[in-house]
Amino acid sequence: MKDSIIKGIKLIGVLCIGFVLFGACSPQASEKRFVSVTGRSSISKSPDQVSISFSVFSKDRDLSAAKKKNDAAISKLKELFEKYKIEQKNISIERVNITPRYRYRDNGDEYFDSYEVVQNIAVLLTKIEDYEVFLTDLLNTGVDRIYNVGFSVADMRKLMDEARAEAVKAAEEKALLLCKAAPNGGKTLSLGKIISISEEPTGIFQRNYYNYAAQNMKEAADYEAAGGNFSPMGQIEVSAEISLVFELE
1 MKDSIIKGIK LIGVLCIGFV LFGACSPQAS EKRFVSVTGR SSISKSPDQV SISFSVFSKD
61 RDLSAAKKKN DAAISKLKEL FEKYKIEQKN ISIERVNITP RYRYRDNGDE YFDSYEVVQN
121 IAVLLTKIED YEVFLTDLLN TGVDRIYNVG FSVADMRKLM DEARAEAVKA AEEKALLLCK
181 AAPNGGKTLS LGKIISISEE PTGIFQRNYY NYAAQNMKEA ADYEAAGGNF SPMGQIEVSA
241 EISLVFELE
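Numbering (UniProt numbering), first residue to last: 1 to 249.
Please keep in mind that the hints were generated in silico from the structure rather than gathered at the bench.
Don't be surprised by glycine CBs; every beta carbon is placed ideally from N, CA and C.
Some hints here could point you the wrong way.
[Said to hold, decoys possible] For lysine-lysine, the following DSBU-like pairs were computed, each having C-alpha atoms within a straight-line distance of at most 35 Å: (1) LYS32 / LYS193; (2) LYS180 / LYS32; (3) LYS45 / LYS59; (4) LYS76 / LYS89; (5) LYS32 / LYS59; (6) LYS85 / LYS68; (7) LYS169 / LYS180; (8) LYS32 / LYS76; (9) LYS78 / LYS67; (10) LYS45 / LYS68.
[Said to hold, decoys possible] Now the in silico label distances, taken between C-beta atoms and shown as ranges: (11) GLU79 / SER243: 21 to 27 Å; (12) ASP155 / GLU199: 17 to 23 Å; (13) ARG61 / ASP106: 39 to 45 Å.
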């Protein structure tokens, strides 16, 4: 009985060794090969809308008088907005900010100077062809604090999607080129299924535009009166960068 058990154990050991040797000597499944590529694309388009941020400023020693000046300026602006058919959703008017201002005499004593009333406003012009004449009319209402002018494309998402699609196409074309050029023992490589897709952060650029950040825009008004213009020069550029990993066949 004992001899039978020992023989059985030896037989199992021989079989296990045989399986191990067979596994070591049998051909392994070929390792999967991959290629990683990155495609880039940039699309430029002329802007079709412009946002203008500015403020209405008035001051007076009498708060009521300062407020009336502000109200009169706002009334003129509302008429201007109606003239250019700017929709209410494209107009942002903040609350009035009232600040008392003090000065110091030569002897160091502080005294009240005036009340400053400031109201910040932002508008979006969806007809960019009105930009020049609107800005001139805006300055003629007495506004002299324009903080920013930004040009953009209304359907920015569509433009970005077009750039992404072109970047994917560029990545695939690059992968096909690499397959064709790579030495593979005389056998041409081909692309298999896509293993992963990733997108790198990109930006939106504005080139060659006027950016208004000056506190006083009287110089701009004088420039326009002398025959100049505020026309933007340049385009909006959107870029995309997409990385693909293909399985090789």
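Okay, the hints, checked on the actual structure:
1. Pair hint LYS32 plus LYS193 holds up; C-alpha atoms about 12 Å apart against a cutoff of 35 Å.
2. Pair hint LYS180 plus LYS32 holds up; C-alpha atoms about 18 Å apart against a cutoff of 35 Å.
3. For the hint pairing LYS45 with LYS59, the CA-to-CA distance comes to about 43 Å; that exceeds 35 Å, so the pair is violated.
4. A hinted pair counts as satisfied when its Cα atoms are at most 35 Å apart, and LYS76 with LYS89 qualifies at roughly 19 Å.
5. A C-alpha spacing of about 76 Å is found between LYS32 and LYS59, which places the hinted pair above 35 Å, so the restraint is violated.
6. As the CA atoms of LYS85 and LYS68 are separated by approximately 26 Å, the hinted pair is consistent with the 35 Å bound.
7. A C-alpha spacing of about 17 Å is found between LYS169 and LYS180, which places the hinted pair at or below 35 Å, so the restraint holds.
8. Taking the CA atoms of LYS32 and LYS76, the gap is near 72 Å; set against the 35 Å cutoff, the hint is violated.
9. Under the criterion of a C-alpha separation no larger than 35 Å, the hint pairing LYS78 with LYS67 is consistent with the structure, at around 16 Å.
10. For the given pair, LYS45 sits about 44 Å from LYS68 by alpha-carbon distance, which is inconsistent with the 35 Å threshold.
11. Remark: the range hint 21 to 27 Å for GLU79 to SER243 is contradicted by a beta-carbon distance near 53 Å.
12. In this structure the supplied range 17 to 23 Å holds for ASP155 paired with GLU199, their Cβ-Cβ distance being about 20 Å.
13. Roughly 20 Å separates the CB atoms of ARG61 and ASP106, a value that falls outside the hinted 39 to 45 Å.
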